Every structure is written in structure tokens, then in C-alpha cells.
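There are 4 protein chains.
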Amino acid sequence: MFFEELGIYYEVHGEGKPLVLLNGIMMSTASWIEHIKILKNYFQVIVYDMRDQGKSSKLSIKYDISVHSEDLKKLLEHLGLKKVNLLGLSYGGQVAEIFASKYPEYVDKLILSNTTYKVDNFLASVGEAWKVAAKTYDGESFFDLALPFIYSKTFYNNNYNWLKNRRKIFKELLTKEWFDGFIRLASSNLNFDVSNEIEKIKCETLLIAADEDIITPISDMEFINKKIKKSEMVIIKNSGHAAFLEKINIYCNIVKGFLI
Amino acid sequence: MFFEELGIYYEVHGEGKPLVLLNGIMMSTASWIEHIKILKNYFQVIVYDMRDQGKSSKLSIKYDISVHSEDLKKLLEHLGLKKVNLLGLSYGGQVAEIFASKYPEYVDKLILSNTTYKVDNFLASVGEAWKVAAKTYDGESFFDLALPFIYSKTFYNNNYNWLKNRRKIFKELLTKEWFDGFIRLASSNLNFDVSNEIEKIKCETLLIAADEDIITPISDMEFINKKIKKSEMVIIKNSGHAAFLEKINIYCNIVKGFLI
Amino acid sequence: MFFEELGIYYEVHGEGKPLVLLNGIMMSTASWIEHIKILKNYFQVIVYDMRDQGKSSKLSIKYDISVHSEDLKKLLEHLGLKKVNLLGLSYGGQVAEIFASKYPEYVDKLILSNTTYKVDNFLASVGEAWKVAAKTYDGESFFDLALPFIYSKTFYNNNYNWLKNRRKIFKELLTKEWFDGFIRLASSNLNFDVSNEIEKIKCETLLIAADEDIITPISDMEFINKKIKKSEMVIIKNSGHAAFLEKINIYCNIVKGFLI
Amino acid sequence: MFFEELGIYYEVHGEGKPLVLLNGIMMSTASWIEHIKILKNYFQVIVYDMRDQGKSSKLSIKYDISVHSEDLKKLLEHLGLKKVNLLGLSYGGQVAEIFASKYPEYVDKLILSNTTYKVDNFLASVGEAWKVAAKTYDGESFFDLALPFIYSKTFYNNNYNWLKNRRKIFKELLTKEWFDGFIRLASSNLNFDVSNEIEKIKCETLLIAADEDIITPISDMEFINKKIKKSEMVIIKNSGHAAFLEKINIYCNIVKGFLI
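Chains as they are written, first to last, in my numbering: chain A, 1 to 260; chain B, 1 to 260; chain C, 1 to 260; chain D, 1 to 260.
Accuracy of the hints is not assured; some may be wrong.
Copies of one chain are not kept apart here, so a pair can be met inside one copy or by any two copies together.
30 Å max Cα-Cα, derived DSSO-like pairs, lysine-lysine [unchecked claim]:
no. : residue 1 : residue 2
1   : K230      : K176
2   : K230      : K118
3   : K82       : K171
4   : K176      : K131
5   : K131      : K109
6   : K168      : K230
7   : K102      : K82
8   : K229      : K164
9   : K40       : K230
10  : K118      : K164
11  : K109      : K37
12  : K164      : K62
13  : K62       : K226
14  : K109      : K73
15  : K37       : K229
16  : K135      : K168
17  : K37       : K135
18  : K226      : K164
19  : K74       : K55
20  : K230      : K164
21  : K62       : K230
22  : K229      : K58
23  : K230      : K55
24  : K118      : K168
No wet-lab data here; the hints were simulated from the structure. All figures in this text were calculated on a predicted structure; none of them were measured in a lab.
Based on the provided sequences and hints, a complete structural model is requested.
In C-alpha cells, the structure reads:
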């Protein structure tokens, strides 16, 4: 479906308590296909592409990540949802932190997964690396350059053929427009720092970390855990920044268990 | 309720898929009171005291931990349960490993929590320390000697009054009979080693570890994780060997999410 | 040799830059025998028993751990040493922190090994456990109760016979006087907290931690590392709180490398 | 100096027991400038550029990493050195492992730093990423793409200006020839696997790992540690794959302490 006002593509699956999933920077609604199959049996699952992602409109000018938090508010109003469960992953976790700090009344329970509270020099440099990779405008080169640090070493060693196939899909799907959108997204959070905001989050919060996540390591997640009053944290073993994809079943089980 | 044949005290709470909880060595059915409140809304929860625990009969002679696996089989038969979800914690996890290796047909899904596959020299020495502590036949001394290594450093620092109160309860409740039963239990698993058995476990298995667990550390759990084909592992942050009690909500949520 | 004024037994070995080793709570000059053999080839090694340890006098009344820092100052004056390298281990590390904060002019380079900046509720409870164990006035019971958490799991599993032999030595050597002294030592640091003092330490500092140290874990050492300006930290793999004894060679090598 | 037979550039600094330093893949003799200043006071330090590195000759055809092990043997013979201390870092550690397994008689003590025993799919993918980055033939792009995963997050956050300056140096120094050599080097170890060879290493061995090393993590180093009989392992805290450069002092101290 399409939210015309902002040009946002979204999907609604299943019935029950609404659960909104916020994409990581390289993701789209399509990334959640397996999770939706599981979660729609328990929740009304809402996925959408942020502007500059997937099938949503392009933003074209320089913007701040907080744009997506305002977009989310408008989307919820459009959908008539006054209170939702919110799961934000990586970049989507940053959006969720901004949103839950500013609009706490909209959030029932919050899940922050493989994300951070601040783009420090290290993460800015990772973002820069990704932008340089994107500027090749070649899906395979982008895959080769950016992906080894997103999946865990364990996953690379056990799923090499799956990854090689995914590399081909990148080649086919990533267009010039996609890369330009990605570059804008990767430029939007260089000043992201909610270290003094997240203590405003009062709702029950679950943090999902991964032991081999080198982009947003356990120490980043633990900082958030200490700041949010009603948070608890679990670590998925033998998985990386893409734990949601590396360990689909256990990931969905943890989400289910927290929300049901 | 009481299973007369073996002298086993048990309780059944709620309705739904049966879920049997196997106590750790110092525990009894009473240890699960908060978990039962939560889990009985989703499952038929069965808790029981192993012989030499709580309100069950005493064994009085030297025995091997596998006795409890056979007892479990008889209890399930008595209850007319042909297939159950099984959660074994610490010593109860060892019983669960023996049971699930020998009687796989009885186990639907398996949860192993804060447990090991082998009593090595370190664990034998911990067991010896606990026996020496038990031989004081004094609840407070036992608490002082044995408990600092069961809860996490984090929990000790955040829940000191709760712990001090628990120390008084130990004083009141732990009788000569309890200590003698405990000593027998702590003597029953010195030869426990299922490192070559657990690969027979084919059912979906969830491993729950804790990052500050120094009795059965993550490395022990990871050994099990590698051996069992369909296992996955989560680590509860900022908790110790008694994670089930230190983090009741997140613990129950993980259990729920895996079994629902 | 004997420093009569305070009744302190001490030994001086070798020549070169003076290096003073401060014992952990259960230790004495005898604990360093292997280290002295190595280190005396490079340094003038000074070991001594704090009052209430080994061959030094007993203190008999309740006192604060800072007593030992003042004693150290007097001993150095007695020996005519104006500036020394200082290595403090566990309880001795606490003494070293007090001393180096208060008398920085005496310290050339500082090594803090397997120690903490604060006795929190967890460590107070460990101390209480040790006192209860000491009150058995039996070396073997004390060994059984206290030692499993001092050596690493790895060391227990690889050196069981050595440990069993050490248990016998405890039986022979630990007298009523020793236990009473130990109990006073273990009572002296309940208020120890130098979290706001150690930033005064300006000398080059090396922190030696151990990955299986559950008494003073890496997180405690890292807190110190962050507070002291010119500090660096190494972790000895596969060792516990007694890393100095579990890994004598690598331990001495790290010390040598830092001081030479 | 120049070893004409192979076209290998080398330098000899200081006097004493010979210590040969083997470069990581992106390094050259120039990378050790600060270490040489320290270590030459204790050892005869020999550094050299492998073929396809720095000032040495180019290899031009496809080859296996073992070439460099044979080159090392010839260089030692040329220098008349029958037994040396050997420090191999990352790629140089792989060369050292091949050399010490095949020519144990040449090695006195061995130091393996931030290296692995096998190029698995993950490391092959990292190598592929580096090759794609090298094919930009642009020093700044290469820096942006490859470096964020070589230094630790901690180092990135504390030394951003130093890194930005280094980026400029990359721009100036990395030529077409350098990139082509790098690509050949990065292609030479795709089949590297000494998991069954390294148990032949009988000399005293020190393993230096880093807690934030995501290229050759602690688990890789621990595998080596378990295989080599007389090995011990230390971990440098708050450093990454480039620990040797991030923590020059502590790194040299550990080396000194082990060899003196």
C-alpha cells in the first residue's frame, strides 16, 4: 500500500497488537519476508520503506535522520494507530530511539536491535566506507566491500553459498537510484547522538544484541541498557550485525516472547 | 499432589502444551512461584521436587543422577504425558540431557539453562565446597559460603537487601534433612559426562546462558550448542548462574517465545 | 630480615631498580618464591609480609586497610628507598592504589594486578564467605570453600594434583593465628573505595587482568584503566584471580617487559 | 640493505639476540620505525619487505604464501643466522607459522601476533574486499574502505586526526605498483590452512591478541594456543587488528619481556 502524502510504501500483515518494524539502512520491506510469516500469526505487523528506501519516494536533498521519526508519526496517524509496539534495527533503531524519546505516548513496548546511541568516529568511518562502496554503483562490488562486516564470521563460514547467491541478487536489484538513496541515508546520521535523550524512554524495552556484531557491539547496546530504566538485554550467540537474518527463528522467538 | 510410587511431590498449573520444569540442585517447586504465575497463562506447567528435594521423599543411599531421569519418565507415565516441553536448569539441565538423550520420544522442545555437559574438576570442586558448606548445617553459613558465586556481581550490587532477607529465609527453612539431601544430590553427579550422548538430541533446543555465570559459563553452554544439531543459544546480559531468578521477566519471555 | 619498629618481615633479592611486591590477602613472601628466582636477575626485588600476614607481627585490633599503606611508607624509609617500582596484587593492589594516590613521589612505575577500586556488595560478600570459611580454623575446609573461585576453571582442570597437594599444605601451615590474622585482613577493606582517588596516579601504570578472574573481573580493571591517565592493560588468557601463580612465566615476562 | 639474489630489502638495527619481524600484508619495514627505536636497545632487530612489499622486488606471477617462508630461509642463510627469535604479525604470522613448522631448527622463540591458522570463508571475503578496494588504485578510497576494520573502535574514536593524516599519506605513497603487489599478496593465502601443521611447533611461543581485533579474533588465536604445546597468550585491551601500532609501548614491552 502507499501513503501518498509522503510517498511511503507500507504493508500490513495479520491481526492483533500492532508491531511496526523499522528497517536497517540497507534493508527494505522485502528483508522481513520470513519474519512476517512468523510474526503475523501473533501481531498486526506493519513494515514500510523509509523515504530513500525500497519502493518509497526519494528525498533527493540532504536531511537529518530525524526526518524518518516525523514520517513515522505521520504514518501512524494515517493508519489510525495511537499506540504500537516498535522494533527498530540498526539505523531503524536510531529512528526508534528518536521517536520513542520524543513521542513516548505512541510506544507501548520498544525493541532495539543491533543499534547504537551515537554515531562516533568509528561509525562515521564505517558509513564513509559504505558510501565509497556505494559510489561504485555496482552491486557485486558493494557486496564485496560492505557485507563481510555485517554478517558474523560464523555465518560467513556456514552459509557461503547463500551469500554468493545474495551477491548476485545485489547485482540485479541495486540500481543507480538505490545507491543514491543509500548515500543520502548514510549521510543523514553523522550527528546522531541521543545519549542524553534515551533516558526519557520509560516503556518496557528489550535490547537484542549479537556477540559477533562489530558494527554496533555489545558495549554500545549496554550503554543504552544502562540509560533506559525498564530495559533488559539478550545476546544472540554466534551472530553478527545481521542477527535478524542470520538467526531468523530465535530472533522472532525473542520478539514474540517479549511482546505476547 | 503426590506421586506415591516414588514419593514425588508435584504441582500442575494452567492448561495447554505441557511444560515440565526441572529444578537446580538447591531449588524446589517453591523456587518457580513467580515463573508459574506467568507461564501458566500459556502452558500446562508441571513442577516437581526430585527425590531428596523439597517435599519429595528422601533417597538416603548413594545414587547416580540418572535416577532422576528414570523418575521423570515414571512421573510422565503416571501423568499420562507422552510428549512434553522440558526445561532443565543447572542440575536439572543435566537430568534433562540424560533424559532427552535416552528417551527422545518424550521430548517435544528442550530448553537447557545455565547447565553443563560434564562435571569437570572445577565443578567437582565447587560441589565439594557446597558439601562442606552444607555440613555446617546452618542456613546462614551456607548462604554466606555458597551464594556469592550463584548470583551475578551485578545482582549482588543491586539487590543486597533482598539477598539479606533471603539469607534469613535460608536460616529458617533449611533443616538437617534438607542438608543431608543436598549433600547426596551434590554427590550424585561426580561422574556426569554426556559429552558423547547429547548429539543424540534431535529436537529443537534452546540454550539459555548468562554472561556472569561462573558456575556454568558460556563456554560450557557453547560446547552443548555445537553438539546438538537443532540448538540455538541466547545469553541474558548482566546475570549469573541464577539468571532465572535474577531476571524473571526476560527469562520467562525467552521461554514463552521459544515454545509458543 | 625484620623491620623491628613495625614487626615486619621482609626479604631483599638481587640488584638493580627496586621492585616491591605487595601480597594478596591469603599470600605471604613465600608465595613469590618462583617469581623471585626470575625477577631478581633484573631487579632488586623486595617482598614482605604485611602485618597480620606470614612472619610479620599481628595487629590484633580492628583496622583499616590504609594501615598497610602507611607501613609501606615506613618500610621504604627504613630501607632508604626514595622511589620504587610497585606491583600490587589483589588486596596488595588496593594497598598500592592507596599508596600511589597519597605518596606519588615514591612510585616510579606501578603495576596493578587482579585488583579492584572498590569493595562493592559482591566483594564484601566474597570477603564474608572467606571469613566464614576461616572460622572453621581448618586448612582443608578453608581450601575447599575458598579456592575454587580463586584459580580459573582451566587451571582446576589441568592441575588437579597440584591443587590436591596444596590442600595438604594448607592443612599443615594454616594455624589459629593465621586464620585470626586473615579474618582481620578480610575485615579491613569493607569501606575501601578509591574510585575518586586513583585519577591522582600520574605515573606509568600497567594493569594485569585475567580472563577467568571472577573475583576482580576485567570490568573492574577496565574502570581503573579509564581513570588512570598513563595506564595500559593486558589480559592473561585462560587464567583466574591467581594468574600470578597459574601462569608464572608469562606473568613475570609481562612485569619484566614493562619495567626494563 | 639489499639481498640481491631475491631482491629483498632489509634493515639490521642494534645488537644482541637476533629478532626478525615479519610484516602484515599492508605493511613494510617503515611500519616498524617506532618499534625499532625501542627494540634495538635489547636485540639485533631485522626487518625486511617481503617480495611484493615496500622496497623489495615484485613477484608479478601468482604464487602461494609459502614462497615467503622459503625467502625467509634464504635471507637467514644469507645473513648467517642459524637461530633467531621470530615475530610474525597477521599475514607475517601466517608466514611464521609455515616457517616454524617446516624449519623449527631456525627458531628460538616465536611470537605470533594478531594472526590466524586458516583463511576461512570470512577471511577470504575480507581479502576479496581488500582486493576490490585496491583496484580503485586510489590511496584515500583504499583507506576509507579497508581501514575501519583494522584499527579498533576505541582507536578510531581517540585518534581521529592521526588517522585523517594517515589517509593523506596513503594517497601520496600508494602507487599502481604497490596496489598490484598488494593484490597478489592478498591472493596468495586463499588456501592457507596450517591447522594440522602448527602442532609441530615445539619452541616457546607467545601469542599476542587484541580484544577488538575483528579480523583475527581471540577465538582464532585461542585455536593456535591450544595446538602449540609451549604457548601462552596475552590480550591487549582496547585495541584492534593493528594493536602493534595502536599500543606501541605495551606491545614492545610484551615482546621484550618474553624475549629477554
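Hint check:
1. Taking the shortest Cα distances, K230 and K176 never come within 30 Å of each other, neither inside one copy (43 Å) nor across copies (41 Å).
2. In this assembly of identical chains, the alpha carbons of K230 and K118 lie at most 30 Å apart whether taken from the same copy (20 Å) or from different copies (27 Å).
3. Proximity of K82 to K171 under the C-alpha cut-off of 30 Å is found in neither arrangement, the shortest distances being 40 Å within a copy and 51 Å between copies.
4. Within a single copy, K176 and K131 get their C-alpha atoms as close as 13 Å, and across copies as close as 23 Å, so both meet the 30 Å cut-off.
5. With identical chains, the CA atoms of K131 and K109 are never at most 30 Å apart, being 33 Å at best within one copy and 44 Å at best between copies.
6. In this homomeric assembly, K168 and K230 come within 30 Å of each other (Cα to Cα) only across copies, at 29 Å, whereas the closest approach inside a single copy is 43 Å.
7. Proximity of K102 and K82 under a CA criterion of 30 Å is satisfied intra-copy only: 14 Å inside one chain copy versus 52 Å between copies.
8. For the identical chains of this complex, K229 and K164 are inter-copy neighbours only, at 24 Å across copies versus 42 Å inside a copy, given an alpha-carbon limit of 30 Å.
9. Within a single copy, K40 and K230 get their C-alpha atoms as close as 26 Å, and across copies as close as 24 Å, so both meet the 30 Å cut-off.
10. With identical chains, the CA atoms of K118 and K164 are at most 30 Å apart between copies only, with a shortest distance of 20 Å across copies and 32 Å within one.
11. With identical chains, the CA atoms of K109 and K37 are at most 30 Å apart both within one copy (21 Å) and between copies (21 Å).
12. When the C-alpha separation of K164 and K62 is checked against a cutoff of 30 Å, the pair qualifies only between copies, where the shortest distance is 24 Å, while the shortest distance within a copy is 33 Å.
13. Taking the closest pair of Cα atoms, K62 and K226 never come within 30 Å of each other, the shortest separation being 33 Å inside a single copy and 38 Å across copies.
14. In the homo-oligomer, the alpha carbons of K109 and K73 lie at most 30 Å apart inside one protomer (16 Å), although the nearest pairing across protomers, at 40 Å, exceeds that limit.
15. For a Cα distance limit of 30 Å, the shortest separation of K37 from K229 across copies, 24 Å, qualifies, whereas the shortest one inside one copy, 32 Å, does not.
16. Taking the shortest alpha-carbon separations for K135 and K168, both the intra-copy value of 18 Å and the inter-copy value of 20 Å come in at or below 30 Å.
17. In this assembly of identical chains, K37 and K135 lie within 30 Å of each other by CA distance neither inside one copy nor across copies; the values are 34 Å within and 41 Å between.
18. Taking identical chains as interchangeable, the C-alpha atoms of K226 and K164 lie at most 30 Å apart only when they sit on different chains, with a minimum of 25 Å there against 39 Å within one chain.
19. With identical chains, the CA atoms of K74 and K55 are at most 30 Å apart within one copy only, with a shortest distance of 18 Å there and 59 Å across copies.
20. In this assembly of identical chains, K230 and K164 lie within 30 Å of each other by CA distance solely across copies; the values are 24 Å between and 41 Å within a copy.
21. Taking the closest pair of Cα atoms, K62 and K230 never come within 30 Å of each other, the shortest separation being 35 Å inside a single copy and 42 Å across copies.
22. For the homomeric pair K229 and K58, neither the shortest alpha-carbon distance inside one copy (37 Å) nor that between copies (45 Å) is at most 30 Å.
23. For the identical chains of this complex, K230 and K55 are neighbours neither inside a copy (35 Å) nor across copies (36 Å), given an alpha-carbon limit of 30 Å.
24. Taking the shortest alpha-carbon separations for K118 and K168, only the inter-copy value of 27 Å comes in at or below 30 Å, while the best intra-copy value is 33 Å.
Violated hints, in rising order: 1, 3, 5, 13, 17, 21, 22, 23; the structure is consistent with all others.
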